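Trainee: What follows is the residue order along each chain.
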Amino acid sequence: MTGRSSATASTAPATLQLERVTKRFRSPEGSDVLAVDDVTLELPGGSFVTLLGPSGCGKTTTLRMIAGFETPSSGRILLDGSDLARLTPDKRGMGMVFQSYALFPHLTVFDNVAYGVRLRGHSAREMRAIVERTLDLVNLRGLGQRRPSELSGGQQQRVALARAMAIEPRVLLFDEPLSNLDAKLRLSLRGEIRRIQQQLGTTSVYVTHDQAEAMALSDLVVVMNAGRVEQAGHPDVVYRRPMTRFVADFIGRANFVDGTVLGVGPQTLDVSLFGIVVSVPAAPGHRAGSEATVVLRPELVRVGQAGLRARVLASTFLGPLVEYELAVGDQVLLAVDSDWMSHGLHAVGDEIDWSFIPEHTYALPPVVVSG
Amino acid sequence: MPRGRRSIDPARIVVSTTSGAVPPHSIAAARPRRRAIDPAIAIALVVAVAFVLIAIVWPVLMVVGTALSADAIPIFQRYLRPPQNQILINTVVLGVVVATVGTAIAFLFAFVQVRVPAPRPIKTTLHVLALLPIVSPPFALAIAAISLFGRSGIITRDLLGLRVDIYGLPGLTLVMSLSFFPVAYVSLAGLMRSLDPALDEAAANLGSSRWRVFRTVTLPLLLPGMASGFLLLFVEALADLGNPLVLGGNFTVLSSRLYIAIIGEYNMLSGSVLAVLLLVPSLIVYFVHRYYAERASVVSVTGKPTGRLTEVTGRPARYALLGAAMAVAGLITLLYLTILLGSFTKLLGVDNSFTLKNYEAVLFGYGIQAVQDTTLLASIATPLAGLLGIIIAFLVVRGRFIGRGGLDFGTMLGVAVPGTIFGIGYLMAFNVPTQIAGFTVFPKLTGGAAVLGGALAILMVFVVRSAPGGLRAGTASLQQIDPSIEEASVSLGANQTQTFRKIVLPLIKPAFLSGLIYSFARSMTAISAIIFLTTPQTRIMTQQILNETDAARYGNAYAYCVILILIVLAAMGLLTVLVGSTVRSDRNPSVELAANR
Numbered sequence: 000m001t002g003r004s005s006a007t008a009s010t011a012p013a014t015l016q017l018e019r020v021t022k023r024f025r026s027p028e029g030s031d032v033l034a035v036d037d038v039t040l041e042l043p044g045g046s047f048v049t050l051l052g053p054s055g056c057g058k059t060t061t062l063r064m065i066a067g068f069e070t071p072s073s074g075r076i077l078l079d080g081s082d083l084a085r086l087t088p089d090k091r092g093m094g095m096v097f098q099s100y101a102l103f104p105h106l107t108v109f110d111n112v113a114y115g116v117r118l119r120g121h122s123a124r125e126m127r128a129i130v131e132r133t134l135d136l137v138n139l140r141g142l143g144q145r146r147p148s149e150l151s152g153g154q155q156q157r158v159a160l161a162r163a164m165a166i167e168p169r170v171l172l173f174d175e176p177l178s179n180l181d182a183k184l185r186l187s188l189r190g191e192i193r194r195i196q197q198q199l200g201t202t203s204v205y206v207t208h209d210q211a212e213a214m215a216l217s218d219l220v221v222v223m224n225a226g227r228v229e230q231a232g233h234p235d236v237v238y239r240r241p242m243t244r245f246v247a248d249f250i251g252r253a254n255f256v257d258g259t260v261l262g263v264g265p266q267t268l269d270v271s272l273f274g275i276v277v278s279v280p281a282a283p284g285h286r287a288g289s290e291a292t293v294v295l296r297p298e299l300v301r302v303g304q305a306g307l308r309a310r311v312l313a314s315t316f317l318g319p320l321v322e323y324e325l326a327v328g329d330q331v332l333l334a335v336d337s338d339w340m341s342h343g344l345h346a347v348g349d350e351i352d353w354s355f356i357p358e359h360t361y362a363l364p365p366v367v368v369s370g
Numbered sequence: 000m001p002r003g004r005r006s007i008d009p010a011r012i013v014v015s016t017t018s019g020a021v022p023p024h025s026i027a028a029a030r031p032r033r034r035a036i037d038p039a040i041a042i043a044l045v046v047a048v049a050f051v052l053i054a055i056v057w058p059v060l061m062v063v064g065t066a067l068s069a070d071a072i073p074i075f076q077r078y079l080r081p082p083q084n085q086i087l088i089n090t091v092v093l094g095v096v097v098a099t100v101g102t103a104i105a106f107l108f109a110f111v112q113v114r115v116p117a118p119r120p121i122k123t124t125l126h127v128l129a130l131l132p133i134v135s136p137p138f139a140l141a142i143a144a145i146s147l148f149g150r151s152g153i154i155t156r157d158l159l160g161l162r163v164d165i166y167g168l169p170g171l172t173l174v175m176s177l178s179f180f181p182v183a184y185v186s187l188a189g190l191m192r193s194l195d196p197a198l199d200e201a202a203a204n205l206g207s208s209r210w211r212v213f214r215t216v217t218l219p220l221l222l223p224g225m226a227s228g229f230l231l232l233f234v235e236a237l238a239d240l241g242n243p244l245v246l247g248g249n250f251t252v253l254s255s256r257l258y259i260a261i262i263g264e265y266n267m268l269s270g271s272v273l274a275v276l277l278l279v280p281s282l283i284v285y286f287v288h289r290y291y292a293e294r295a296s297v298v299s300v301t302g303k304p305t306g307r308l309t310e311v312t313g314r315p316a317r318y319a320l321l322g323a324a325m326a327v328a329g330l331i332t333l334l335y336l337t338i339l340l341g342s343f344t345k346l347l348g349v350d351n352s353f354t355l356k357n358y359e360a361v362l363f364g365y366g367i368q369a370v371q372d373t374t375l376l377a378s379i380a381t382p383l384a385g386l387l388g389i390i391i392a393f394l395v396v397r398g399r400f401i402g403r404g405g406l407d408f409g410t411m412l413g414v415a416v417p418g419t420i421f422g423i424g425y426l427m428a429f430n431v432p433t434q435i436a437g438f439t440v441f442p443k444l445t446g447g448a449a450v451l452g453g454a455l456a457i458l459m460v461f462v463v464r465s466a467p468g469g470l471r472a473g474t475a476s477l478q479q480i481d482p483s484i485e486e487a488s489v490s491l492g493a494n495q496t497q498t499f500r501k502i503v504l505p506l507i508k509p510a511f512l513s514g515l516i517y518s519f520a521r522s523m524t525a526i527s528a529i530i531f532l533t534t535p536q537t538r539i540m541t542q543q544i545l546n547e548t549d550a551a552r553y554g555n556a557y558a559y560c561v562i563l564i565l566i567v568l569a570a571m572g573l574l575t576v577l578v579g580s581t582v583r584s585d586r587n588p589s590v591e592l593a594a595n596r
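Each protein sequence line maps, in turn, to chains A and B.
Heads up, the first sequence is in numbering that gives the first Met the number 0, so the first residue is 0 and it goes up one at a time.
Heads up, the second sequence is in numbering that gives the first Met the number 0, so the first residue is 0 and it goes up one at a time.
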């Protein structure tokens, strides 16, 4: 802990609210495109929130509206309760980490980090102290006189992070900051971003299309699709209790199994799956006699456990895991076996035992055809 | 996962994507709000638009307006029917021939530079010789050509005993091709260097011979660049006035006829008609050229070169290409040597005795005023044009206002419109003070008793003709800078002006520098518009060179040329030291760019 975090701690972390924010773009063909569609979110102070979704889902546009680079077509963005609409981006005090890092190539690492600090009327001594402290925080001590072009990709990313943090921003914004790095570096920097954010306690909004990144980093995951929020919640809740087929598919991998609803209990359903009747956790709204879609995660397919039978259609050996494609009746299931050493590998064509724990599955809310 | 869950209550996350009851504040919020425009941007925009309208659009519209009157119809008919349509035919023929020969020379020089193995000193010499015409007055070569190949030329008459007439199409083709090819050479060489060697390797790998690779891969990829160069040379040839005046003889083209109409016959109407006849093909061809130039630059973004460019290794081809390039280079050398020697000679070819009288006349006699006036005006115009070009580039590339394309187009008219048309346009637009309700809002800029002896009009023309160079260089440079670099600056608390000064300007410094050098060289060597605007109070070197040539005082003309070239070279050195000293060589390559003319 440095003196810096106590300085930040003196002001409470900022809360950020998005109220019915919508953004329309005019496409080159002249038609209106709804990039962000009526999004309402409340981000508690100090939280780390991820906007997660495929490209074009509106997550980056949402981030850029918070930063002030885009103006909402309608709706409000509030920081600690006050509307940001009339504040230009340079007055918002939001530190942004860009996908391309956007380091100033003509300035040294020190001057990059000092850039925003110098605009805030510190004395030269204070400025120097802030920059040095921030460089320490991202483990870049001693590299201040280098140019960005003389740094590795991971180091450049740290400079971008340091530059955004040095201004003691009220909110930190991340626009897919790790997408240009290789897999190993991505993991280590992911951990570092998390560590630093927890240390500073700065409210953070992080845009990514990588669900693993989102789950590893966030207090709250906001899954977006086609400009709308599909679901928001803790990563484990979103994983265990997806609200839509899209969310279940986007966060992790999922088998969707359709079954007939035989009975409705409080928060459970009796469904017939794979020829047996099981009681599964369920979202409300189901009626007996209708169809329900049940999410069965591949790692919850227990290969080798007696109960049900399947035929192996394909098998992929990955080292720690083996992936199987299984035929169960006319249903094809994806299974991930992490305990293959205990019960051996299966070849294509093998008939095998498998089972699942009904409590680990989840029946999606019924799809309401709006009209 | 060892992740400490902190006291953040998921229930506080409110998510709503359905349209429920509308909270009261969202009625106001439903209106899209416009973010306040940065005042500095607004001022820059107003200045840029005012400049384009007053200094470029208005004079051109005056000319077009005059030519669209009913009185002009018979004049149009005269120049479009035999025998007077010969002028139009001559102009097009000259344009096509010069563009063809010039593009061929440019291709030869670029190809030798990029693809033919040769000792470094030879390549450097070829490169420098190819660029020399850029820094010299456009008709310097024409004067040298007369001394060497004219009716009493040193080579044609004294050495070979021939009586040939260099005046007319052959002579014009020779000197104009050599004068204008450098522009096409620079862009073609850049294009050839940027071709991905993997393409050649892929074709060879699939079984193509060297020649087949060249014909089926290299040449098609260079075609847009060659088309762009051809069209640009065509426009330059169409617009050129200096060479046709010096070397045209009986071969009359539109620009020289226009000059006679205005200066000799004082016939503004006839001048306007000729101007429009010149303007229409120039504009069309220029903007077709821009289209190809942009396509060519798309081709160039094929990624980083991964291997080595295939070089011509066959002996016959290599020697033929090198030999041809060196022959052209030899001719250029010969012409410039003639200028240099001629400046120290009484009358080259007639009285070859050494003298310093020519320099005495130019530097200490009646000539010094032109040297001073031209250098001063070019020095004032250069930073103005450079800054204006960069600011307009910034507005066009980064601005978010309607009519950006118009601002770009309007500025580019400064080079797309032939200089002669600006000359006559300025005479029409600024020969009387512009008054609104009895107040003079714009003083008389041209002719006798003009403000500052006509210097202001000349300065404006310098800026008009040079700003597009800075605009193109700046645009190319800015387009290579990731917009998020500027957003990063803004998000850190810098406003637009601070961002421009601290981030954008340093990053586009190389482009800014090349824009400045281009502006100065172009101003110093300008003639076609200036010739209409000089007054006894304001003298311009190129105009003086023309006068001395007319009076057959070749020695003085050569001395002027040498001094002009030296001034331009000195300014290039000075600008590089002043602006370039802080341009670091280890900068991010993504923001580097080649000088863009």
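Worth flagging that the hints you see were computed from the coordinates, not collected in a lab.
Every value quoted in this text rests on a predicted model; they were computed, and no experiment measured them.
Ideal Cβ placement from N, Cα and C applies to all residues, glycine included.
A few of these clues could be false.
Computed, partial: chain B to chain A, Cβ under 8 angstroms [said to hold, decoys possible]:
1. V216
2. Q479
3. D481
4. E486
5. A487
6. S488
7. G492
8. A493
9. L506
10. P509
Calculated cross-link-like contacts (lysine to aspartate or glutamate; reagent style DMTMM-like; alpha-carbon spacing at most 20 angstroms) [to be verified]:
11. B:K122 with B:E359
12. A:K90 with A:E69
13. B:K345 with B:E359
14. A:K90 with A:D31
15. B:K501 with B:E486
16. A:K183 with A:E167
17. A:K90 with B:D37
18. B:K501 with B:D481
19. A:K90 with B:E486
20. B:K356 with B:E486
21. B:K508 with B:D481
22. B:K501 with A:D110
23. B:K508 with A:E69
24. B:K501 with B:D37
25. B:K501 with A:D79
Take a look, some chain A residues computed to stay more than 12 angstroms from chain B by CB distance [as the list claims (entries may be wrong)]:
26. G29
27. A66
28. G67
29. D89
30. M93
31. H105
32. D110
33. N111
34. G141
35. A159
36. T259
37. G288
38. R301
39. R310
40. L317
Trainee: For each hint, tell me whether it holds in the structure or not.
Mentor: Hints versus structure:
no., hint, result
1, V216, "violated, 32 angstroms"
2, Q479, "violated, 11 angstroms"
3, D481, "holds, 5 angstroms"
4, E486, "holds, 6 angstroms"
5, A487, "holds, 4 angstroms"
6, S488, "holds, 7 angstroms"
7, G492, "holds, 4 angstroms"
8, A493, "holds, 6 angstroms"
9, L506, "holds, 6 angstroms"
10, P509, "violated, 11 angstroms"
11, B:K122 with B:E359, "violated, 37 angstroms"
12, A:K90 with A:E69, "holds, 14 angstroms"
13, B:K345 with B:E359, "holds, 12 angstroms"
14, A:K90 with A:D31, "violated, 30 angstroms"
15, B:K501 with B:E486, "holds, 13 angstroms"
16, A:K183 with A:E167, "violated, 29 angstroms"
17, A:K90 with B:D37, "holds, 13 angstroms"
18, B:K501 with B:D481, "holds, 15 angstroms"
19, A:K90 with B:E486, "holds, 13 angstroms"
20, B:K356 with B:E486, "violated, 61 angstroms"
21, B:K508 with B:D481, "holds, 16 angstroms"
22, B:K501 with A:D110, "holds, 11 angstroms"
23, B:K508 with A:E69, "violated, 29 angstroms"
24, B:K501 with B:D37, "holds, 16 angstroms"
25, B:K501 with A:D79, "violated, 32 angstroms"
26, G29, "holds, 14 angstroms"
27, A66, "violated, 6 angstroms"
28, G67, "violated, 8 angstroms"
29, D89, "violated, 5 angstroms"
30, M93, "violated, 6 angstroms"
31, H105, "violated, 5 angstroms"
32, D110, "violated, 10 angstroms"
33, N111, "violated, 9 angstroms"
34, G141, "holds, 19 angstroms"
35, A159, "violated, 8 angstroms"
36, T259, "holds, 29 angstroms"
37, G288, "holds, 27 angstroms"
38, R301, "holds, 22 angstroms"
39, R310, "holds, 35 angstroms"
40, L317, "holds, 21 angstroms"
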